[in-house]
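So the sequence lines, in the order shown, correspond to chains F and U. Under our numbering, residues 1 to 175 are what the first sequence spells out, in order. Under our numbering, residues 1001 to 1282 are what the second sequence spells out, in order.
What the hints contain is simulated information worked out from the structure, not anything from laboratory work. Any given hint could turn out to be false.
[Stated by the list, open to error] Cβ-to-Cβ under 8 Å is the rule here; a few derived chain F residues that face chain U:
1. 6
2. 10
3. 12
4. 14
5. 21
6. 39
7. 69
8. 70
9. 75
10. 76
11. 113
12. 117
13. 163
[Unchecked claim] Below, computed lysine to any residue pairings styled on SDA-like, alpha-carbon distance capped at 20 Å:
14. F:98 to F:157
15. U:1203 to U:1249
16. U:1060 to F:73
17. F:73 to U:1266
18. U:1141 to U:1266
19. F:73 to U:1021
20. F:73 to U:1141
21. U:1060 to F:23
22. U:1060 to F:24
Quantities reported herein were computed from a predicted structural model and do not represent experimental measurements. Glycine included, each C-beta is placed from N, C-alpha and C at the ideal position.
Residue-level listing of the chains:
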Amino acid sequence: MKKHNIRRWVLLTVWFLIAVILQHTLLSNSNGSFISLNLPLFFPVFAGILAGPTGGLMAGIILGLFQDILLGKYIGLNILCFGLTGFVAGRLALNVYKETYLVPVLSMLAGTVFYQVCYLFGMFIIGVGAPNWWSWCVYVFFMALGNAILAPFIYVPVYHSFASGWLSSTNLDGS
Amino acid sequence: MKDGWFSKRRVIILSALLVIALLCLAFGTALERGGLTSIEKMFRDAFSPLQTGAMVIYGKIAAIPDYFVSVANWREENENLKKQVSSLQEDLNNLKEVEQENIRLEELLGAYDSVVNEWDPVVAKVISRSNSIWYNTLTIKGGEDQGFLKNMVVVNADGLIGRIMNVSKHTSEVLLILDKEAAVAAFEQITRTPGIIEGSDKKEDMLSFIHVPYDAVIKENQIIISSGLGGIYPAGLRIGYITDITVESGGLMLSCAVQPFVDFDRLEEVMVLKPLGAGVNH
């Protein structure tokens, strides 16, 4: 494996770990605040935008697997939801001019809602009871809003790194 | 893989199977399980130090708002302490005032130990001082309620101040010896040369010792005291000292400029000499 590839994978792993750790520690303890975030979701969505549907799918599957193992419940659901979200984000962003700030904002807004709908749908299929709809809508709305607000701040450095920085050597899908 | 249609269908079928498998897995793990698998245990064990570290950092970050809340509390506490300090400072000032007053009163009483047998000295606070050019008076706290009467003598530790001119229920007006109307029969302490003390025409805060016999042996710095003649002022009260001696216009009498011992501009407490058995004394 080439040196720049190792560097890229190390960077991606660190980003991935930081996102998961923060989600399972800091953000899971920030109850009571309206704006909530889903940091791991940035990983498959941005992978989808920058590396295409396959990249998004792969990132989502890896992330989902990690999340599921950590949660120890509903194993497979996060793999499915993150994977699908990454894939769809990649499909939708195929013909989009990726330098605009609207791309991360809209994709995280839509991606968060899509992920939550997938998760809800999955929960229905496996027979978990329906949530309080109003609470669910408020929760999803504020999470989408929070993710959308944060998105440009993460996307810009990631995009530049992907274009000409540490993440630039090869795409996630190996193309 | 070269056949696109086959490849696409295969992908769809595989994806569908994968989705179903994952949903089955999720369904299977939705219920309470007997325990974690070894892979899960390994993952969790590997992840726990990172979680612990993150929680430590989170604890520090979460403490930041508490810090600001504490700062707000400190500010409030600081404000309260400042008020307390201010209040204590005021109390301290009051105590110093009381201490000073105590010293003055001790001096005042000490100076008149000799008159205690004849007089009933009552301490009174000065309320105001008249600045009129027509008369020199001051108002003291205490009047009929204290048993003060007209013509009672007012002194302090330095000497004679004047006499009560008017009395109301709670206040008394004191005519100072600086006033032209407040003539005091006096004499020079050593030679006993008699004369009259009255307010000076030349200087506001000076006295004149007039009607002194031409042949009197008097010098500057000699002390003038009350003689007791005239019936109002008792004998022996210190008045002032001679600063200048001149011959009166007729050429038969001497007139002396006298500097009073009392600083009339700095009077805070005075003592009213009540004749023994002259009424109320609180």
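Here's how the hints hold up against the structure:
no.: 1; hint: 6; in the structure: violated, 20 Å
no.: 2; hint: 10; in the structure: violated, 15 Å
no.: 3; hint: 12; in the structure: violated, 16 Å
no.: 4; hint: 14; in the structure: violated, 11 Å
no.: 5; hint: 21; in the structure: holds, 5 Å
no.: 6; hint: 39; in the structure: violated, 12 Å
no.: 7; hint: 69; in the structure: holds, 5 Å
no.: 8; hint: 70; in the structure: holds, 6 Å
no.: 9; hint: 75; in the structure: holds, 4 Å
no.: 10; hint: 76; in the structure: holds, 4 Å
no.: 11; hint: 113; in the structure: violated, 20 Å
no.: 12; hint: 117; in the structure: violated, 15 Å
no.: 13; hint: 163; in the structure: violated, 30 Å
no.: 14; hint: F:98 to F:157; in the structure: holds, 13 Å
no.: 15; hint: U:1203 to U:1249; in the structure: holds, 18 Å
no.: 16; hint: U:1060 to F:73; in the structure: violated, 30 Å
no.: 17; hint: F:73 to U:1266; in the structure: violated, 91 Å
no.: 18; hint: U:1141 to U:1266; in the structure: holds, 16 Å
no.: 19; hint: F:73 to U:1021; in the structure: holds, 15 Å
no.: 20; hint: F:73 to U:1141; in the structure: violated, 90 Å
no.: 21; hint: U:1060 to F:23; in the structure: holds, 17 Å
no.: 22; hint: U:1060 to F:24; in the structure: holds, 16 Å
Checked against the numbered hints above, the structure breaks hints 1, 2, 3, 4, 6, 11, 12, 13, 16, 17, 20 and satisfies the rest.
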